[in-house]
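Asker: Here's the letter readout for the chains.
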Amino acid sequence: MHDDEPSLNIPSLLTLAVVSFFVLRWFFNRDDSPSAGGRPRGRGNAVDPAQVDQISQMFPQLSTREIMWDLQRNGGSVAATTERILAGRGLETPPPSFQPQVAMPSANGPARQSTSVAASTSKADGQDLISRYGLSAKLTSESAEAASATPSKSSWAQNKEERQRLLQKRRDEMILAARRKMMQKEQGKAK
Amino acid sequence: MASSVAQKRLFHEYKNLSTNPPEGITAGPVSEDDMFYWEALIEGPGDTPFEGGVFAAELKFPKDYPLSPPTMKFVGGGVWHPNVYPNGTVCISILHPPGDDPNHYEHASERWSPIQSVEKILISVMSMLAEPNDESPANVEAAKMWRERRPEYEQKVRDEVRKGLGL
Amino acid sequence: MAEPFDIPDSTDWLNTPLLLLAPLENSLRCQICKDFFDNPVLTSCSHTFCSLCIRRCLSNEGRCPTCRLQDQELKLRRNWIVQELVEQFQNAREPMLSLARKEAARLTNGGDDIQQPAPKKRRVGFLDQDEEAEAADPGSQRMRTRSRGVKVEVAMQEEEPEVIEDSQDDDEDFVPEDGLFSCPLGCGRRMKEAVMFTHLDVCTGQKAPSPAKPATFGSLQPQRHATQNFIDPPERLPAINYSLLKDGQLKKKFRELGIPDWGSRALLQRRHTEWMNLWNANCDSRNPKPKRELLNELKIWEKTQGGAQTPFASAADEITRKDFDREKWSSSHDDDFKRLIANARKKSDAQIRSTIPGALAASEDNVPAPAGPIEIPMGNGDPVVIDSDGP
Chain A
1 MHDDEPSLNI PSLLTLAVVS FFVLRWFFNR DDSPSAGGRP RGRGNAVDPA QVDQISQMFP
61 QLSTREIMWD LQRNGGSVAA TTERILAGRG LETPPPSFQP QVAMPSANGP ARQSTSVAAS
121 TSKADGQDLI SRYGLSAKLT SESAEAASAT PSKSSWAQNK EERQRLLQKR RDEMILAARR
181 KMMQKEQGKA K
Chain B
1 MASSVAQKRL FHEYKNLSTN PPEGITAGPV SEDDMFYWEA LIEGPGDTPF EGGVFAAELK
61 FPKDYPLSPP TMKFVGGGVW HPNVYPNGTV CISILHPPGD DPNHYEHASE RWSPIQSVEK
121 ILISVMSMLA EPNDESPANV EAAKMWRERR PEYEQKVRDE VRKGLGL
Chain C
1 MAEPFDIPDS TDWLNTPLLL LAPLENSLRC QICKDFFDNP VLTSCSHTFC SLCIRRCLSN
61 EGRCPTCRLQ DQELKLRRNW IVQELVEQFQ NAREPMLSLA RKEAARLTNG GDDIQQPAPK
121 KRRVGFLDQD EEAEAADPGS QRMRTRSRGV KVEVAMQEEE PEVIEDSQDD DEDFVPEDGL
181 FSCPLGCGRR MKEAVMFTHL DVCTGQKAPS PAKPATFGSL QPQRHATQNF IDPPERLPAI
241 NYSLLKDGQL KKKFRELGIP DWGSRALLQR RHTEWMNLWN ANCDSRNPKP KRELLNELKI
301 WEKTQGGAQT PFASAADEIT RKDFDREKWS SSHDDDFKRL IANARKKSDA QIRSTIPGAL
361 AASEDNVPAP AGPIEIPMGN GDPVVIDSDG P
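Protein chains in written order, with full-length UniProt numbering: chain A, 1 to 191; chain B, 1 to 167; chain C, 1 to 391.
Only chain A is shown next, with the shape it has when bound in the complex (with noise of 0.2 Å):
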């Protein structure tokens, strides 16, 4: 029912083989140029974030990571990732030492975050982890308390919302804990 495709004949396979050599000897010089090996690229060939931005608002469904990388070996030309995956070759999967110039959760990545905590998530490098959890609230309280507080150990429950309680809670608590023990450490310190 189903007709076969012609096979590959002689020449079309010569003009193939000559082809992907011209172009495999374009892209490996090309790559080799900027930075030889060690972890890929140096501090200077920063992926732009306006351009990841761009494509990524055009296609959501990419990892920022995917992106960053097709953008870097192609010297940021927004117009030829586009191109490439429209053409619907899609892009290539970074390796794994490729570390991005560019911090960005990746597009598939965190899902709407119902707590305020957790909305701070991705802007959170540099920070401290108080500041990460929006915990400066409950330092006063808490010190009050002392170490009076036993920790809940485990937790589960049946309902989603519960469940994601107790987590942040555990969370808050072991970050509090380590912070009053710290102190009370460099309190005996001092004395």
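Please keep in mind that the hints were generated in silico from the structure rather than gathered at the bench. Even for Gly, the Cβ is constructed at its ideal location relative to N, Cα and C. Among the clues, some could well be false.
Said to hold, decoys possible - Calculated cross-link-like contacts (lysine-lysine; reagent style DSBU-like; alpha-carbon spacing at most 30 Å):
1. Lys160/A / Lys299/C
2. Lys63/B / Lys169/A
3. Lys251/C / Lys63/B
4. Lys73/B / Lys185/A
5. Lys63/B / Lys289/C
6. Lys169/A / Lys8/B
7. Lys291/C / Lys8/B
8. Lys73/B / Lys138/A
9. Lys246/C / Lys63/B
10. Lys73/B / Lys160/A
11. Lys303/C / Lys73/B
12. Lys185/A / Lys138/A
13. Lys189/A / Lys156/B
14. Lys338/C / Lys63/B
Said to hold, decoys possible - Under 8 Å between C-beta atoms, here's a sample of chain B residues computed to sit facing chain A:
15. Lys15
16. Thr19
17. Thr26
18. Glu32
19. Glu43
20. Ala56
21. Gly76
22. Lys163
23. Gly164
24. Leu165
Model the placement of chains B and C on the given structure of chain A, informed by the hints.
Answerer: Positioned in the frame of chain A, the structure of chains B and C alone reads:
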């Protein structure tokens, strides 16, 4: 959408880690709507400069988890450590699939396998904090400092621990 | 998205007096999917996994996940006794667990038989356990333990009939309602109505020990098993050497198998591997599922890991298909489109504002100022800030 094998397995792990958490570890999905994005807290191991600290990390799971490993990245203040990239990404053998070995030093037995789990990863990371692997530094400066100027390294780690706790 | 509301897990036992059942249950679960063993099979290195789980692992890297010895799918052997253990344990689980939870709740109430609402039992039980662990007075603990033991015993007697009833329910010789018909000549095979007539032409009426491919599945045939009738499993699918087939041939093969043949070559290969795993794992089952159920499972795979999930490459392939459903696509991506339009408008507004200062005042009151290139509105409304790399 029906839940996938990965989601179910992650839910099992979440439940297990919540009901029966190992010492010094808290982990779970940031929101249950996306089981593939977790956040974990681990305590710094005792008798190391990391002692007393709490470190937050995000874990991102691939769709074919547990066939492929998740990635782990410290967030909220860097972790100054030879095996942690300056941007926080953790480089440890259990997070590498057995197929590729970029560093050619790891034993296959140390690497990712579907029977590993979030718990095992976090425990491995805790022991990594205590004993850096000098062979494949992800943070070359930290590795150099750790090797050559240990007191300075330890002081820097201690400072970061305090900063992380907002002190 | 249908999230699992709550799933049974070995940790269910931890907050009850029967916490020693947790490790037992854990050993009855597959270490890959963490679920109870489903069609357990034994690898040549003697590790047991669900048939489907280990097949997926083996097609992924060809090694046992536990000991990393190389293994092949063909060498997998059914592990009947484990299947039986799992089934019996699952039958007993619910009654045992409800009993254990009742007991845990009773203990926390200090012996009062006040009925607790079901969802709270767990946490109450957990408090109890903690309390016990930290109990300063060993004497009182011992007393409590003893009294608990008695109570469990009494309760066991009360509940016993229930357990027996359950195990009776689980008689295995029932005919699976899978829409298949067994051969009237008595060869023991089951098949679809449509296939029956061709089968009748060749059927000898004798129970064939292993049709067609003894090398691939004769070895997995049950050697012996008391009291149970086995339906001959459907024929196993052989692995394909993809590099030998051209796209056209591969697609033809897909149509013969009755699975979707769209997508890139890499996707086709992945889909075939998944289908082969689903199919062959089903062959290990005592009650094989009908093909349409497997096709459903393939659909789920497609949505979560295959071509119907997010990566754009495969989505693009879908759009270019001839039978592409335009309406459905545009309705399911309506939000995305609207958001993109809104973003584009915002951007062009910003451009106008930066180039024509006069336009600023005009557009300011109805359009919120975009936060610049570093803050982009993501699909769910939370602004995400792109932070440049750390130190």
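Asker: Could you run down the list of hints and mark each one as holding or not?
Answerer: Verification of the supplied hints:
no. : hint                : verdict
1   : Lys160/A / Lys299/C : holds (27 Å)
2   : Lys63/B / Lys169/A  : holds (28 Å)
3   : Lys251/C / Lys63/B  : holds (25 Å)
4   : Lys73/B / Lys185/A  : holds (29 Å)
5   : Lys63/B / Lys289/C  : holds (25 Å)
6   : Lys169/A / Lys8/B   : holds (24 Å)
7   : Lys291/C / Lys8/B   : holds (23 Å)
8   : Lys73/B / Lys138/A  : holds (27 Å)
9   : Lys246/C / Lys63/B  : holds (28 Å)
10  : Lys73/B / Lys160/A  : holds (26 Å)
11  : Lys303/C / Lys73/B  : holds (27 Å)
12  : Lys185/A / Lys138/A : holds (20 Å)
13  : Lys189/A / Lys156/B : holds (19 Å)
14  : Lys338/C / Lys63/B  : holds (27 Å)
15  : Lys15               : holds (6 Å)
16  : Thr19               : holds (5 Å)
17  : Thr26               : holds (5 Å)
18  : Glu32               : holds (5 Å)
19  : Glu43               : holds (7 Å)
20  : Ala56               : holds (6 Å)
21  : Gly76               : holds (4 Å)
22  : Lys163              : holds (6 Å)
23  : Gly164              : holds (5 Å)
24  : Leu165              : holds (5 Å)
Checked against the numbered hints given earlier, this structure breaks none of them.
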